[in-house]
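Participant: What follows is the residue order along each chain.
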Amino acid sequence: MDASASAPLFRMEGVSKRYGGVNALTEADLTVEAGRIHGVLGENGAGKSTLMKIMSGVVQPDEGRMVLDGREVVFANPAAANSAGIVCIFQELSLVPDLSVAENICISNPPRRFGLIDSRAQRRIAEEALARAGGEDIHPLAPVKDLPLSRRQLVEIAKALVRNPRILILDEATSALTAADVRRVFAVLKRLRAEGLALLYISHRMAEIAELADECTVFRNGRNVGTFKAGAKTDTEIVEMMIGREYSHAFPPKPAPRAAGETPALEVRSLSWNNRLKDISLSVRAGEIVGLGGLDGQGQRELLLALFGVLRGTSGEILLDGRKASLASPNDAKRGKVGMALIPEDRKTEGLMLPMSVRDNLSMASLARFSRGGIVDRAAESQAIDEMIALLAIKTDGTAVPVGTLSGGNQQKIVIAKWLMTKPKVILLNDPTRGIDVGTKAEIYQLLRKLADAGAAILFYSTDYDELVGCCDRVLVLYDGAVGRVLAGAEITERALVGSALNIGGGQAEAGTPALAGAGQ
Amino acid sequence: MTNLTASIPVLRRFDPAVLTAFGCIVLLLLIGSIINENFLSPDYLLQQLQVGSFLALIATGMMIVVLLGQIDLSVPWIITVGGMMSTAAAGWGPLGATFAIPVGVLCGLAFGLLNGIGVAYLRVPSMIFTLGINAVAQGFMIVRTGGFAPQDMATESMNALATGRLIFGIPNPVWVWIIVGAVTVFLLRRTVFGRAVYAIGNREVAAYLSGIRTQRVVLAAFAISGALSAFAGALLAGYSTKAYQGMGDPYLLPAIAAVVLGGTSILGGRGTYLGTVAGVILITLLQSILSVVQIEEAFRQLIYGAVIIGMLLLYGRQNRAV
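Protein chains in written order, with my numbering: chain G, 1 to 521; chain A, 522 to 843.
Worth flagging that the hints you see were computed from the coordinates, not collected in a lab. Among the clues, some could well be false.
Which stretches of chain G does chain A cover? Using the computed rule of at least three CB atoms under 8 angstroms from a CB of chain A, they are [as the list claims (entries may be wrong)]:
{"id": "1", "stretch": "323-334"}
{"id": "2", "stretch": "349-359"}
{"id": "3", "stretch": "363-376"}
Label pairs and their computed distance ranges (CB to CB) [as the list claims (entries may be wrong)]:
{"id": "4", "chain 1": "G", "residue 1": "A131", "chain 2": "A", "residue 2": "R710", "range": "53 to 63 angstroms"}
{"id": "5", "chain 1": "G", "residue 1": "I375", "chain 2": "A", "residue 2": "G660", "range": "34 to 44 angstroms"}
{"id": "6", "chain 1": "A", "residue 1": "I663", "chain 2": "G", "residue 2": "A328", "range": "40 to 50 angstroms"}
{"id": "7", "chain 1": "G", "residue 1": "A379", "chain 2": "A", "residue 2": "G667", "range": "56 to 66 angstroms"}
{"id": "8", "chain 1": "A", "residue 1": "P771", "chain 2": "G", "residue 2": "N221", "range": "50 to 60 angstroms"}
{"id": "9", "chain 1": "A", "residue 1": "L567", "chain 2": "G", "residue 2": "S382", "range": "51 to 61 angstroms"}
{"id": "10", "chain 1": "A", "residue 1": "E677", "chain 2": "G", "residue 2": "I375", "range": "31 to 41 angstroms"}
{"id": "11", "chain 1": "G", "residue 1": "L99", "chain 2": "A", "residue 2": "L643", "range": "26 to 36 angstroms"}
{"id": "12", "chain 1": "A", "residue 1": "I688", "chain 2": "G", "residue 2": "I375", "range": "52 to 62 angstroms"}
{"id": "13", "chain 1": "A", "residue 1": "Q568", "chain 2": "G", "residue 2": "S382", "range": "55 to 65 angstroms"}
{"id": "14", "chain 1": "G", "residue 1": "I375", "chain 2": "A", "residue 2": "Y765", "range": "57 to 67 angstroms"}
Given the structure is predicted, the values throughout are model-derived calculations rather than measurements. From the three backbone atoms N, C-alpha and C, an ideal C-beta is built for every residue, glycine too.
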């Protein structure tokens, strides 16, 4: 509002927060000014999420103070922060799947008439908010569960705007978005900045920060290690600040292409399912990393689930090591002679039991290996767990702590480690690096290549084109449930991936796939 | 309580809910001793444990089901099935008399399997399905006793198992409880089944995607619950020398209350058997105190229900960790 005043809109001084024995945030300072976009960078576990939670009243700091408009403020709960004008869009989506878009947008303060919810006003508010958030094409009465992840993120932004924020915090807001949606969100954010809002933008994507931010702050190990004008430092310098070490190549070198003669470890022939997967054929040989590309929601997730025995009513054949396999459940897929593993999309709901210990989570998929007659051999289990923690360099305060206390990157490592303990021959990964930090990402890339070199066949879906370019020996680009194009070797470039994701087929976007409707424009 | 547990290192290992339950037990013992000086005599306390052990068997099965995030509302009539079928078996001749208890337990197991099939494979919410099975079991028992009169007297061995004191003067049902309890602790802590129970209770999708055969685990849990309820029914028949319709009716609320007061999350995934032991003792002592106080049955029920709700409000619904 009064951008002319020299005092900043919001200031945080010496804020600290501890969880148990872990210092999540140590004497952090941060200044936020109206009409600016402030980028916040740091690895997962660097304290960014805690910072956001403190600003938005979700958790209370142990020490330090916060000043808004020159007055010291204390937020007892998120509602207090909201009414002071601080609204946060968290990394984990907070929408209720069974309610409509409009109901979700107005969920905290629905318009009322005679004591009942005024659905017409609600719809109008939702439409306005969606327009402001760049989601004009989302129908306000559509149930949220029918929207793909990328659209849900726009709904999430609209929901935040309804609360008339003065400071808007976005935590990994674009990690689920397609490139076209990201551009739209950016346009929206820049307009909001022009309107005088202060935006705090957290992202792992360096290019986004460079494009958007006016200032940047880097966090490492719970401390603010530097605030600087955007563009004042190179990407390499920033990454060094984040990880505190020399930044080498993130991607390991690729081996020479393999001979075509071998029997593939995984072969799929004409796999179809419910009109969502259409006649998909593919093969992955041992030692190969095959990527799945394309826009979000083109059947990549369904393909991986179908291969893992989760989906009912699939047609077509799956061959493992040349033998036909009938997989009716994840248990079948895991137990077969050619053991399979699936790293699921959402680690918090599909990969882990957050309140359970690191130990219980790690051995969850491989208990058959450590048990005789149904009784767990705890010594053998402990040994394998310790080896795995060392192998993946998982940072944890012992094996008895709940997995939920670990940082996002370490949680993801636990999901991967849990499956490596089954010694799988075929590894399916569903966007394994979503929302995790650069350092852990690089470790995962190295690990995947190491596993492939040791003879695993890897099928790897990623929404990040860089990853597909850097990691994969071949990439299948999916479009509308079918394999649109196969790229191999030097053909795999970001340009080719984007091009084939958008152009192939060029056909009609179906009503059921609004992601296409948005991205195809 | 939280501050207390944080400040005393030895106590920190235990769940605050379990500690609170034991605290309440001490409180009830004090109140009981004020009302009646015989309350703290070893003989009276052993008698309480004996009465409590029937509830304990039922609560053990209930706890496993609750750990999965499900519930078993068929307990009342499966208890009755256990009691009535075992006494009926005793009327079939000497062989039937020998296997009276196993026959009752097997009938309970069968109803438990039905529960499991309905919940795990037909995907009916357990609250509905087990309630339906309860009605089915009730109808089944009424039909059986309607046409002709099967034997309803307990055998001597049933009577002995329920009322005797074979070793160290400790009532036999308490020994049964100790054995069943030890097996349950082992099952929950050391076996693949136990891990799977907690995993499913925490997050069924993640458990399924980890390759756990979730349906089998759920089926087994309901089967165990059915078998244990029926076993308790057979012992109850032995305790009161005969089986009768409605003998299981007073046990549903106490079983659920014992599990939840013992700190097991009603949403599943969290809880220890030690807590359930505490919950059972707590409920038994409460019932005992109320029966000692000379008041009308209706008021007794009223106080009983109010105290259970009060204790649940006090500490039974703490948020799940993380």
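Participant: Does each hint fit the structure? Answer for all of them.
Facilitator: Now the hints, each set against the structure:
no.	hint	verdict
1	323-334	holds (count 5)
2	349-359	holds (count 8)
3	363-376	holds (count 9)
4	G:A131 to A:R710: 53 to 63 angstroms	holds (56 angstroms)
5	G:I375 to A:G660: 34 to 44 angstroms	holds (40 angstroms)
6	A:I663 to G:A328: 40 to 50 angstroms	holds (41 angstroms)
7	G:A379 to A:G667: 56 to 66 angstroms	holds (58 angstroms)
8	A:P771 to G:N221: 50 to 60 angstroms	holds (59 angstroms)
9	A:L567 to G:S382: 51 to 61 angstroms	violated (41 angstroms)
10	A:E677 to G:I375: 31 to 41 angstroms	holds (37 angstroms)
11	G:L99 to A:L643: 26 to 36 angstroms	holds (28 angstroms)
12	A:I688 to G:I375: 52 to 62 angstroms	violated (28 angstroms)
13	A:Q568 to G:S382: 55 to 65 angstroms	violated (44 angstroms)
14	G:I375 to A:Y765: 57 to 67 angstroms	violated (41 angstroms)
Hint compliance for this structure: hints 9, 12, 13 and 14 are broken, all remaining hints hold.
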